[in-house]
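Engineer: So the chains spell out like this:
2 protein chains.
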Amino acid sequence: MKLYDGGRAPNPRRVRVFLAEKGIEVPLVPVDMNELGHKAPEIEQLNPLMRLPVLVLDDGSVLTESVAICRYFEETHPEPPLFGRDALGKARVEMWQRRMELNLMMPVAQAFRHIHPAMREWEVPQIAEWGEANKPKALEFLALFDADLGDRPFVAGEEFSIADITGMIAIDFMKPARLEVPESCANVRRWYAAMKARPSAEA
Amino acid sequence: MKLYDGGRAPNPRRVRVFLAEKGIEVPLVPVDMNELGHKAPEIEQLNPLMRLPVLVLDDGSVLTESVAICRYFEETHPEPPLFGRDALGKARVEMWQRRMELNLMMPVAQAFRHIHPAMREWEVPQIAEWGEANKPKALEFLALFDADLGDRPFVAGEEFSIADITGMIAIDFMKPARLEVPESCANVRRWYAAMKARPSAEA
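Protein chains in written order, with this note's numbering: chain R, 229 to 431; chain W, 229 to 431.
Keep in mind that the hints were calculated from the coordinates and are not lab data. Each residue gets a CB set at the ideal place from its N, CA and C atoms; glycine is no exception. It is possible that part of the hints are untrue.
Simulated pairs of lysine-lysine, PhoX-like, Cα-Cα distance not exceeding 20 Å [said to hold, decoys possible]: (1) 250(W) - 318(R); (2) 365(W) - 318(W); (3) 250(R) - 318(W); (4) 424(W) - 403(W); (5) 363(W) - 250(W); (6) 318(W) - 267(W); (7) 250(W) - 267(W); (8) 424(R) - 365(R); (9) 424(R) - 403(R); (10) 267(R) - 230(W); (11) 230(R) - 250(R); (12) 403(W) - 363(W); (13) 403(R) - 363(R); (14) 318(W) - 318(R); (15) 365(R) - 318(W).
Chain W regions said to be covered by chain R (calculated; three or more residues, Cβ under 8 Å) [to be verified]: (16) 282–296; (17) 377–391; (18) 394–408.
The following block holds chain R by itself, in its conformation from the complex:
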């Protein structure tokens, strides 16, 4: 088994943090995305979408999409469960995972890709107006998330889950997108600090 990894980019990091929380070690094949290594023929052959990470199993099976790779390890290494326990718990993790992706990670990524000068050749056409339009979307969601979170320890309830990983990495990604968690979002700031203090945050 080997995992083609993409360094500091958000999606490769999601898988590495997930593996760290599970205590699973997988041999990594580093790919330098700054050098457009994810567009090399070796990667394109594995994933025609030319995105990372990519997991190759011992039988040659290929899995792409960070959450699909995490799902594979959830099934093969069920403890600790990071996608929830019972029916309602699993559905709640999925709900928050999607809220974090669609309402936070996605607008932050759009703001970054459509405004940051380093993304000019990655996002064509780069449309600054669309990038700017995404900033309030992310901030509006943070206000709703803060109100819902209250003093709960984790995004989806009483246990750490993949939704915490996605949320932490989305907030990390706000920095290059030149966004900040507002002071008024005290619950989000408390939760984020706790996530950053976990050893897995360094993965």
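Based on the hints, put chain W in the right spot on chain R.
Structural biologist: The following block gives chain W in isolation, referenced to the frame of chain R:
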């Protein structure tokens, strides 16, 4: 249990098709999204994001996000499995589900929301250039999907799954976005026709 439903919009439809494939009947509460019923206080109280569908369980628990609602029913009604069977199968469904969402449904939705005159008050600001930029993204993905699909019966393998539902509904959504599956994508056209012939497509 009751499901606040949003009619013909893609996400509410995903859940209804899923329920039809499972053979599950859930009492529906129709909400008229054309009349902005999803922004009424009753819905906002259940889902501060003001999106549909919303599932309310008998104990008052609330689930939002179409895929999270489907996940709940997968757990409570496992047969037939629509999220895959073993570890690799489940990961493959998740991979294709995400590819269908992120590379097809999402660009089609962006094209629709940022170009269609009926969306002027829904998507503010409406940025036609961004809508147009999404059309080639959807078409490029369809070409890759066609090459991968070959003569396989279903998106993620030999069995029908939620990825087929997402794919079918994304392609249905191409019509109001004024996009067409190219003639050259013969495998996609064959697969789509088979999906539309299933009774669940009417749900």
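Engineer: Would you mind marking each hint as holding or not holding in the structure?
Structural biologist: Now for the hints, and whether the structure bears them out:
no.: 1; hint: 250(W) - 318(R); result: 18 Å, holds
no.: 2; hint: 365(W) - 318(W); result: 26 Å, violated
no.: 3; hint: 250(R) - 318(W); result: 18 Å, holds
no.: 4; hint: 424(W) - 403(W); result: 14 Å, holds
no.: 5; hint: 363(W) - 250(W); result: 33 Å, violated
no.: 6; hint: 318(W) - 267(W); result: 35 Å, violated
no.: 7; hint: 250(W) - 267(W); result: 30 Å, violated
no.: 8; hint: 424(R) - 365(R); result: 24 Å, violated
no.: 9; hint: 424(R) - 403(R); result: 14 Å, holds
no.: 10; hint: 267(R) - 230(W); result: 47 Å, violated
no.: 11; hint: 230(R) - 250(R); result: 17 Å, holds
no.: 12; hint: 403(W) - 363(W); result: 12 Å, holds
no.: 13; hint: 403(R) - 363(R); result: 12 Å, holds
no.: 14; hint: 318(W) - 318(R); result: 14 Å, holds
no.: 15; hint: 365(R) - 318(W); result: 32 Å, violated
no.: 16; hint: 282–296; result: holds (count 7)
no.: 17; hint: 377–391; result: violated (count 0)
no.: 18; hint: 394–408; result: violated (count 0)
Checked against the numbered hints above, the structure violates hints 2, 5, 6, 7, 8, 10, 15, 17, 18; every other hint is satisfied.
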